[in-house]
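Number of protein chains: 2
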Amino acid sequence: MNEAVRKLAEAQARSGSLLSVGVEPAPEYLPGHYPHTLTGYRDFLVDLIEATAGRVCAYKFNWAFFESHGWQGVRMMYDVREAIPEGTIVIADAKRGDIGSTAKHYARAVFDEFAADAVTLNPLMGHDSALPFLEYGERLSFFLVLTSNPGASDFLLPEGLYRRIATAISEKWNERGNCGFVAGATRPEQVGELRAIAPRVPFLIPGIGAQGGALEETLAAGAAGEGHPGMVLHVTRGILPGADEEGHVKDIIHRKVDQWNQRIAKAGQERP
Amino acid sequence: MNEAVRKLAEAQARSGSLLSVGVEPAPEYLPGHYPHTLTGYRDFLVDLIEATAGRVCAYKFNWAFFESHGWQGVRMMYDVREAIPEGTIVIADAKRGDIGSTAKHYARAVFDEFAADAVTLNPLMGHDSALPFLEYGERLSFFLVLTSNPGASDFLLPEGLYRRIATAISEKWNERGNCGFVAGATRPEQVGELRAIAPRVPFLIPGIGAQGGALEETLAAGAAGEGHPGMVLHVTRGILPGADEEGHVKDIIHRKVDQWNQRIAKAGQERP
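Keeping their order, the protein sequence lines are chains A and B.
Counting with the working numbering, you get residues 1 to 272 for the letters of the first sequence.
Counting with the working numbering, you get residues 273 to 544 for the letters of the second sequence.
Derived by calculation from the structure, the hints in this document are not laboratory data.
Everything numeric in this text was worked out from a predicted model, so none of it was measured.
Be aware that one or more of the hints could be misleading.
Said to hold, decoys possible - Chain A stretches covered by chain B per the calculated footprint, using a threshold of three residues with CB under 8 Å from any CB of chain B:
#, region
1, 2 to 16
2, 60 to 72
3, 138 to 150
4, 191 to 202
5, 220 to 228
6, 239 to 251
To be verified - What follows is a list of derived Cβ distance ranges for each label pair:
#, chain 1, residue 1, chain 2, residue 2, range
7, A, Gly-242, B, Pro-471, 47 to 53 Å
8, B, Gly-432, A, Glu-3, 36 to 42 Å
9, A, Gln-259, B, Ala-468, 53 to 59 Å
10, A, Thr-37, B, Arg-286, 39 to 45 Å
11, A, Gly-137, B, Asp-384, 35 to 41 Å
12, A, Arg-263, B, Glu-282, 55 to 61 Å
13, A, Glu-245, B, Asp-384, 40 to 46 Å
Using N, Cα and C, we set each Cβ at its ideal position, and we do this for glycine too.
Given these sequences and hints, build the entire structure.
Here you go:
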């Protein structure tokens, strides 16, 4: 088991949680009393991290939301990264993908500069575009295999492209055991197919917040066997205060994370 | 014709050049006397821009090379962007692609914050992932259709995926006339196929520096008809001083750009 996968397994065991929390300065869900400034976003994100520390296994930084604030937003992202507790997985959700000589620089950015444990990548350009990331043998690369958005029907589903991507990664790209899949929770049937193709590969599963109905099926379909961290379940809005919710932000987040963890534990026991 | 395409046509007419120049702080080809510091890279890139101003139609910023220097590198990228002469196209070579709610933020980053005229995008996640960029009706989105690297044989070539991507973009995504293709110069035959699918779409063509042999064929295959900017030909290393080349950096770049422009003009007249 590679270092990032082992760290993930340990973080899941210690926190008792499969949850990854979204770290993103989004105007749509910044709680009311934080100002819409870079300082306001930073304070909120640090509070979010403090309120969830020890209760989740991972934090996923969505780079887009920081980049949309210019270089000052990127500086703030590095600043917030300092608040992540030791022993928790940091995922750079950057969806990068480019020819090898360029990909090398993206890999340096996420793994050396940002010190992420894991990254999300776009596999479209093929093996040589992934290699600079895979050469970081002790980090983890989650490749887009099947996304939860409608556009997955444009290219990923037709001609079974998602299966061919999953097979190539599982058979050839995963030599060092440091590959994972991004697989949307909106399609539990396909999550099962992907698990059959890649019995031990960790899945990063977005979309459980909005579509909790598929939770039981997804947990059953994605399991990788005892001791293997088969799934990271990602939530962002699902643990944040609603627009008209009263109370202290950290308390609300506390409660919602615990509810999610209980719900996942229960759904895991009730696997269909 | 949309505003960015018209601006590109005008820039090509005024400069008499189809060239796009790579703006990237790469340790591999920083000329000898510039220090390997952020200031050294910035000075070199500004000199590169000054030496090519009026002789090329576009500058392509490869974001990876800046990001690998952390947030300070991103700040430097914004700084260098200020040096781009008016009336020249700025391409943010970022290869972004994500679900709509995230893509919206990437679009803001490249178009609002960085003020790019054009961006490179990864189409794998489908139409809804592209929409936030396409809604910028007066900018230009170049989608990866067929790349010049070996990995294009992994997913883009099999089952004619590149043709399906090109067809979807041409028929559905290009409602506002603001789509382009990234098409590698290493495959002139496929460039011709893509031109047949999309008669007027501008192509961003990397790879001419290293594989000049295909220049005539590419120019013939990619032409979009009188008055339409069918192609942007991208060079980076091809116009930079070699490791053992003597002389003033700006003079060398001057000379090499002019040589490339002459070579392209000649190849265009000798179309097979």
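Results of checking the hints against the structure:
1. 2 to 16: violated (count 0)
2. 60 to 72: Holds: 8 residues of the region 60 to 72 of chain A have a Cβ under 8 Å from chain B.
3. 138 to 150: holds (count 5)
4. 191 to 202: violated (count 0)
5. 220 to 228: Coverage by chain B is violated here, the residue count being 0 at a Cβ distance below 8 Å.
6. 239 to 251: violated (count 0)
7. A:Gly-242 / B:Pro-471: 47 to 53 Å: holds, 50 Å
8. B:Gly-432 / A:Glu-3: 36 to 42 Å: At 40 Å between Cβs, range holds.
9. A:Gln-259 / B:Ala-468: 53 to 59 Å: For Ala-468 of chain B against Gln-259 of chain A, whose Cβ atoms are near 56 Å apart, the range 53 to 59 Å holds.
10. A:Thr-37 / B:Arg-286: 39 to 45 Å: holds, 41 Å
11. A:Gly-137 / B:Asp-384: 35 to 41 Å: holds, 38 Å
12. A:Arg-263 / B:Glu-282: 55 to 61 Å: holds, 58 Å
13. A:Glu-245 / B:Asp-384: 40 to 46 Å: Check failed, 31 Å falls outside 40 to 46 Å.
Comparing the model with each earlier hint shows violations of hints 1, 4, 5, 6 and 13; every other hint is respected.
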